[in-house]
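Protein chains in written order, with the numbering used here: chain X, 44 to 515; chain R, 44 to 515.
Just to be clear, a hint being listed does not mean it is correct.
Copies of the same chain look alike in the list, so a pair counts if it works inside one copy or between any two.
Taking lysine to aspartate or glutamate and the DMTMM-like style, the derived pairs with C-alpha atoms no more than 20 Å apart in a straight line are [to be verified]: (1) 203 x 335; (2) 310 x 386; (3) 231 x 400; (4) 231 x 295; (5) 374 x 386; (6) 415 x 452; (7) 203 x 288; (8) 62 x 72; (9) 203 x 295; (10) 231 x 288.
Derived by calculation from the structure, the hints in this document are not laboratory data. None of the values given here were measured: they were computed from a predicted structure.
Protein chains: 2
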Amino acid sequence: MTDGEAQLIAEAERRLGAKAIVTDLKEIEPWVTDWRGRVHGAAPAMLAPASTQEVVEIVRLAAEHRVPLVPQGGNTGMAAGATPPSDGSALLLSMRRMNRIRSISADSRLAVAEAGVVLATLHDAAHEIGMRFPLTLGARGSCTIGGLTSTNAGGTQVLKFGTMRSLVAGVEAVLPDGSIHNGLSGLKKDNRGYSLDQLLIGAEGTLGVITAVALRLVPAIAARAVAWAGVESPNKALDLLRFLEARTNNIEGFELVPEDSLQLVLKHIPNTRAPLSGQHRWNVLVEATTADPNHDLPAELERLLGEALEQEIIGDAVLAANEAQAEAFWKLRDTIADAERAECQTLAHDISVSVGDMPRFIVEASAEVERKFPGVIASGFGHLGDGNIHFHVRAGSHAAPDWYESEGEQITRFVDDLVTAAGGSISAEHGIGQLKRSEFARLAPPGRIDALRAIKQALDPLSIMNPGKLVP
Amino acid sequence: MTDGEAQLIAEAERRLGAKAIVTDLKEIEPWVTDWRGRVHGAAPAMLAPASTQEVVEIVRLAAEHRVPLVPQGGNTGMAAGATPPSDGSALLLSMRRMNRIRSISADSRLAVAEAGVVLATLHDAAHEIGMRFPLTLGARGSCTIGGLTSTNAGGTQVLKFGTMRSLVAGVEAVLPDGSIHNGLSGLKKDNRGYSLDQLLIGAEGTLGVITAVALRLVPAIAARAVAWAGVESPNKALDLLRFLEARTNNIEGFELVPEDSLQLVLKHIPNTRAPLSGQHRWNVLVEATTADPNHDLPAELERLLGEALEQEIIGDAVLAANEAQAEAFWKLRDTIADAERAECQTLAHDISVSVGDMPRFIVEASAEVERKFPGVIASGFGHLGDGNIHFHVRAGSHAAPDWYESEGEQITRFVDDLVTAAGGSISAEHGIGQLKRSEFARLAPPGRIDALRAIKQALDPLSIMNPGKLVP
Chain X
44 MTDGEAQLIA EAERRLGAKA IVTDLKEIEP WVTDWRGRVH GAAPAMLAPA STQEVVEIVR
104 LAAEHRVPLV PQGGNTGMAA GATPPSDGSA LLLSMRRMNR IRSISADSRL AVAEAGVVLA
164 TLHDAAHEIG MRFPLTLGAR GSCTIGGLTS TNAGGTQVLK FGTMRSLVAG VEAVLPDGSI
224 HNGLSGLKKD NRGYSLDQLL IGAEGTLGVI TAVALRLVPA IAARAVAWAG VESPNKALDL
284 LRFLEARTNN IEGFELVPED SLQLVLKHIP NTRAPLSGQH RWNVLVEATT ADPNHDLPAE
344 LERLLGEALE QEIIGDAVLA ANEAQAEAFW KLRDTIADAE RAECQTLAHD ISVSVGDMPR
404 FIVEASAEVE RKFPGVIASG FGHLGDGNIH FHVRAGSHAA PDWYESEGEQ ITRFVDDLVT
464 AAGGSISAEH GIGQLKRSEF ARLAPPGRID ALRAIKQALD PLSIMNPGKL VP
Chain R
44 MTDGEAQLIA EAERRLGAKA IVTDLKEIEP WVTDWRGRVH GAAPAMLAPA STQEVVEIVR
104 LAAEHRVPLV PQGGNTGMAA GATPPSDGSA LLLSMRRMNR IRSISADSRL AVAEAGVVLA
164 TLHDAAHEIG MRFPLTLGAR GSCTIGGLTS TNAGGTQVLK FGTMRSLVAG VEAVLPDGSI
224 HNGLSGLKKD NRGYSLDQLL IGAEGTLGVI TAVALRLVPA IAARAVAWAG VESPNKALDL
284 LRFLEARTNN IEGFELVPED SLQLVLKHIP NTRAPLSGQH RWNVLVEATT ADPNHDLPAE
344 LERLLGEALE QEIIGDAVLA ANEAQAEAFW KLRDTIADAE RAECQTLAHD ISVSVGDMPR
404 FIVEASAEVE RKFPGVIASG FGHLGDGNIH FHVRAGSHAA PDWYESEGEQ ITRFVDDLVT
464 AAGGSISAEH GIGQLKRSEF ARLAPPGRID ALRAIKQALD PLSIMNPGKL VP
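Just chain X, with the same shape it has in the complex (with noise of 0.2 Å):
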């Protein structure tokens, strides 16, 4: 422990209470690795605010002691971006305290929500009013609001409703020099000067601390319908996509699934089958949902099905017969990750290029990795209609036991390289942390590496705030 972080402490404990400080290292241990297990960190205390108020105190001490403060929420980063540094020199801040939803309105759709609610929570709070909070992901469990906030999180709505950023209708903060950013008044309309909102929003906790968010809401499902087709190709699923939107507003999800991953979850994950009796090179699952009760919506996207199959841009489409087949619909998605695991070593990457260019680059990327690093496979899945999909570069079976060790880093460089020559993005939804800062460093425009120097040391010149995340 540094004397700052003791001097921290114990001037904390004082005007905060003993609750609002962990010096308990078994506490603590949870939270200093991040969620995959890939990072070990280390803090000798976890600070705990129950309130904005004491946020501000504890910014304010963090500034005098010149001590590191590293904002966490659920702690289900995919980036490391709220896992302490090995060393100690910073204090973990917890903002799992924080989690009343102060306020919440069908009138004005609109909740606030302090940084730690569980989105989980926020979903049930919603749906008590007849409103939704349309943003979700695998760990809403855990998640919290203020982590999804600070990381611009995504999912599996976005091609609907966007990412938390179109989501989120005001922040509060307080900043490195303990001012408080009130933004949650909910304006629909304020110019003045520059989005402090806007900037905090994905900015994973690198130029202040969010403590509350005001977030839209939107009416409840009343229905929805889920459908399985099969395509030869990701430009069918392409096709596709824009054939529905051309005609519906109600589609929500659209995930487009190799073969190849199919049989993988078929084979690996237990009770699961195909939808369809014949095999398809690419499969896409289709989520429609409706807020009219009387809105047949079933019979609609039925309907779109058959005239895309009439088309020719489907080979075939099934829709889930009731709820516990679009479930089993939606399984065979979501564990294509366990599953590839399962089979064998496993290399991921959270890219986006362009909507339009996605099911070329899916094809041609695939190809070219294979080509580079003969016995692997590559292969994308995900969500097509954002322009996103995990690239997945899976090991093969004669791989080394090491090979992730060995090659993951070259392999990576590769798509990477790839997704920047093709526009894209090297973090879709996962952001930087500590990961990918280095890719992120080596890829960026220089310009662009200065500017967001420039905000930090401008915001944050004591650099308190998560040092060592996002800014290269």
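Model the placement of chain R on the given structure of chain X, informed by the hints.
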């Protein structure tokens, strides 16, 4: 002309040719005064680049010779943000020659327009491919995409589609160090650090020069229905909005008109008549649109207004029988400011509070202003559904001829205090520019001004990008 300006002009002429430099003061003259004719500036030359690369050259020269640039689009701003200082110490940077629509596609629902493209031109281009760019305002024949983006413009369709911030998919800009920020790739998901796109939107040219913008398109309108309703209070007007929005997604315009404003329009504007036979204390103009050619929109709106009448939310309503009548209803709304000015001196305020607070604010703030300044008439009209009204204070018929000059500032400060106390914004649509800088400085929380100054200093350390605007 300063030495630096002379050197920059000579060098720019050598590198970019004569076309890119205007030094004829007659030609410059229309562009150095803001369009409301209130602020008179001066500039020894106007630079007119035709490409992003030419903007880079100019920005580098500006940095080298320490000459400030004032970027300008259609010069239709309301806060004199594009008007140069009166001492001639800055050069105008006209973006109007960069007027190409680089690409436009119904498939991707995107257009990439250069900064100098006039809004009406983009409307037409979208229309030609069966699409629509869903933002419009009075100056659409002159205002440009670059200016609209730099001021995060609003207009009458914000209720459904949001301000420019919601419609911008990416920005290309030349930063003050001469580097190009290229955000045009149209990625729907990209989490590579702070969003420079979002920082440049609404920055009024103080952080860089926007050279092109990727914009979201929506399907073209197949039909619209316009109605005029009488209500007894702003509260009832908001009840009507929420009643409608709970039942349809098609409401696109919702404008509040006080009865006395309507009476002034009928008195001063030729060829106008009241839509309803009786008088109501407040009126609402409702516009619904649909992209679905099979949807009977007039029938839907008529049915919903009928229900609202039964539930005593409104006192009366009439649907425009045809397009000419729809235009006539809109004319009543759009000529309020002209009619008020024809009646007497009028002081305008572009303010917002949260949507739910607006009805009470209109009533209470009007009463407080009239109590504090006997003889004046205060009223609010406009975008109730956005929480944004034009809060006008009229001098009344007995006011002194210099009322505007002698009392205006005091009244504006009083109004701004009321807005700030209500958690609102003293600039909902128009930005800060030059005209609102002192009020912004007076009323913003100190931490906010510090943060804005730090960002400005970080990205534009030489202060060459539109100095003296926005940042107090």
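Honestly, which of those hints from before does the structure not fit? none
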